[in-house]
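Enquirer: Listed here are the chains, written in short residue letters.
2 protein chains.
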Amino acid sequence: MQIQTCFSPSQYHLFNTENTIVVVIDILRATSAICTGFEYGVSKIIPVATVDEAKEYKSKGYLVAAERDGKIVEGFNLGNSPFDYMNKDLKNKTIVISTTNGTQAIHVAREAYKIVIGSFLNITALANYLVSENKNVLMLCAGWKNKFNLEDTLFAGALSQKIMQSKSFTTECDSTFAAMHLYDLAKEDLFAFLEKSSHRNRLKNLNLEKDINYCLTPDSCSAIPVMVNNSIVKLQPVLS
Amino acid sequence: MQIQTCFSPSQYHLFNTENTIVVVIDILRATSAICTGFEYGVSKIIPVATVDEAKEYKSKGYLVAAERDGKIVEGFNLGNSPFDYMNKDLKNKTIVISTTNGTQAIHVAREAYKIVIGSFLNITALANYLVSENKNVLMLCAGWKNKFNLEDTLFAGALSQKIMQSKSFTTECDSTFAAMHLYDLAKEDLFAFLEKSSHRNRLKNLNLEKDINYCLTPDSCSAIPVMVNNSIVKLQPVLS
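Keeping their order, the protein sequence lines are chains D and F.
So the first sequence is numbered by our numbering: it starts at 1 and just counts up by one.
So the second sequence is numbered by our numbering: it starts at 1001 and just counts up by one.
What the hints contain is simulated information worked out from the structure, not anything from laboratory work.
Misleading hints may appear alongside valid ones.
Taking lysine-lysine and the DSSO-like style, the derived pairs with C-alpha atoms no more than 30 Å apart in a straight line are [what the hints assert, rightly or not]:
| no. | chain 1 | residue 1 | chain 2 | residue 2 |
| --- | --- | --- | --- | --- |
| 1 | D | LYS145 | F | LYS1044 |
| 2 | F | LYS1162 | D | LYS145 |
| 3 | F | LYS1114 | F | LYS1044 |
| 4 | D | LYS196 | F | LYS1091 |
| 5 | F | LYS1114 | D | LYS114 |
| 6 | F | LYS1145 | F | LYS1058 |
| 7 | D | LYS91 | D | LYS60 |
| 8 | D | LYS187 | D | LYS93 |
| 9 | D | LYS196 | F | LYS1162 |
| 10 | F | LYS1055 | D | LYS145 |
| 11 | D | LYS187 | F | LYS1187 |
| 12 | F | LYS1055 | F | LYS1044 |
| 13 | D | LYS210 | D | LYS44 |
| 14 | F | LYS1145 | D | LYS114 |
| 15 | D | LYS44 | D | LYS91 |
| 16 | F | LYS1114 | D | LYS196 |
| 17 | F | LYS1060 | F | LYS1091 |
| 18 | D | LYS135 | F | LYS1145 |
| 19 | D | LYS55 | D | LYS234 |
| 20 | D | LYS196 | F | LYS1044 |
| 21 | D | LYS162 | F | LYS1187 |
| 22 | D | LYS71 | D | LYS167 |
| 23 | D | LYS145 | F | LYS1145 |
| 24 | D | LYS167 | D | LYS145 |
| 25 | F | LYS1060 | D | LYS187 |
| 26 | F | LYS1234 | F | LYS1058 |
| 27 | D | LYS162 | D | LYS210 |
| 28 | D | LYS167 | F | LYS1196 |
| 29 | F | LYS1196 | D | LYS187 |
| 30 | F | LYS1114 | D | LYS145 |
Just so we're clear, the structure is a prediction, and the values are computed from it rather than from any experiment.
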């Protein structure tokens, strides 16, 4: 099985995605928030690409999360801080979510065999799942406005290393090699490594240190969010 | 002055290129071949994007280099091995060149303030020039068919580190941080670091070990190729 890494949604079309599970990655903070939501009992998340679509859902009475440039869009219920989703009132609720980069990534991959949502929060559960599925894997980094970013790349490297512990995975993809090398350099202290990164600084200006620390902490969640019919739901364990 | 790094010609439009010198990078092997050509006395290189354009020039009697997928296109005079250009018969000649990735990169950047050609072969001369110019710098990696590749990224990291020794340069760009980190990991033995990379393997199959070794060797050239009116010429030293 092959692992590939795509650094930007705008490059997705360059990859062979046949028989491939796409892992959508938007560490700061959309995919971290989505994993947290399912861990806290949210039943369904509907990703939309634009704030206008989100508004339409809001007018129909949906609970709607919308974030642009790191901030909650005025008039909406939630942003994409994982802490917004640690709320027992959200249990069994459906949430509509539109974010700067994360939902765009989900959107470009909509024809894939399967789309799952990755973050450091669910990395081990997700790695175990991918190994059990035995399909090719494409790490799809949401990036920042279609540009490369470091935090999504580090996660792609971390997850690639984890699944390559199973000998059934290999890679011939330069972006995956780069991501794994960068993760090796960063893994002792991800927070410090990202200190100088562009998005880290963007969020620092918004006082989101607590969010960033949480988003870089592995394995606080076991839920694996998966796309089914244009919505994200929690993957149900297969009973053996 | 800001340094940015673009990993693919297809992402060039995402970058702010105002007041910016664009360094086109296609280490294996177009920009290495171009630098070598000027060092050996070529007077002008005309880059074209397609093999058809190259054929048209050939029919007009031009000396034409065309490479696709690492091989000389049938019927053409030269490929993009630097060794093809170490030929005294090329002195004062004009060469038309079309390659898989390099000329595409030059093409997308055609509106830039200035385009220069970078390779390990002229890295120190080029760094000195960029520091003296005091403009923003965009490292434009040609990549492989619009995907990220390691060898162009390593050069972008090496050149960024060199010009940042001058305190007038800084960066806020995640791709530049990544490129510099990767170069730090690789610099003791670039050849070994690239051992597993995708393009390295592609060329290995074509028996191009000697080319690769040469392309990774710094400072065998002092020429700085620069675009002037759709052609590449050797930058003339300014007499002080």
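Enquirer: Would you mind confirming whether the straight-line C-alpha gap from LYS1234 (chain F) to LYS1058 (chain F) stays at or under 30 Å?
Expert: Holds, at about 23 Å.
Enquirer: Taking 30 Å as the top limit, are the C-alpha atoms of LYS167 (chain D) and LYS1196 (chain F) close enough?
Expert: holds (17 Å)
Enquirer: Holds or violated: LYS187 (chain D) with LYS93 (chain D), Cα cutoff 30 Å?
Expert: violated (35 Å)
Enquirer: Can the restraint linking LYS196 (chain D) and LYS1162 (chain F) be considered satisfied, given a maximum Cα separation of 30 Å?
Expert: holds (19 Å)
Enquirer: Does the structure keep LYS162 (chain D) and LYS210 (chain D) at a Cα separation of 30 Å or less?
Expert: Roughly 26 Å separates the two Cα atoms, so the pair holds.
Enquirer: Taking only the CA atoms, is the gap from LYS196 (chain D) to LYS1044 (chain F) under or equal to 30 Å?
Expert: violated (42 Å)
Enquirer: Against the 30 Å threshold, does the CA-CA distance of LYS196 (chain D) and LYS1091 (chain F) hold or violate the hint?
Expert: violated (47 Å)
Enquirer: Going straight from one Cα to the other, do LYS91 (chain D) and LYS60 (chain D) come out at no more than 30 Å?
Expert: OK: LYS91 (chain D) and LYS60 (chain D) at ~20 Å, within 30 Å.
Enquirer: Tell me if the straight-line CA distance from LYS187 (chain D) to LYS1187 (chain F) falls inside 30 Å.
Expert: holds (21 Å)
Enquirer: Quick one, are LYS145 (chain D) and LYS1044 (chain F) close enough, alpha carbons at most 30 Å?
Expert: Violated: LYS145 (chain D) and LYS1044 (chain F) sit about 38 Å apart, past 30 Å.
Enquirer: For a C-alpha distance cap of 30 Å, please report whether LYS145 (chain D) and LYS1145 (chain F) respect it.
Expert: holds (21 Å)
Enquirer: Given the hint that LYS1060 (chain F) pairs with LYS187 (chain D), test it: the Cα-Cα distance must not exceed 30 Å.
Expert: Since the Cα atoms of LYS1060 (chain F) and LYS187 (chain D) sit roughly 58 Å apart, the hinted pair is violated (cutoff 30 Å).
The structure does not agree with the numbered hints 1, 4, 5, 8, 10, 20, 22, 24 and 25 stated previously, though it agrees with the rest.
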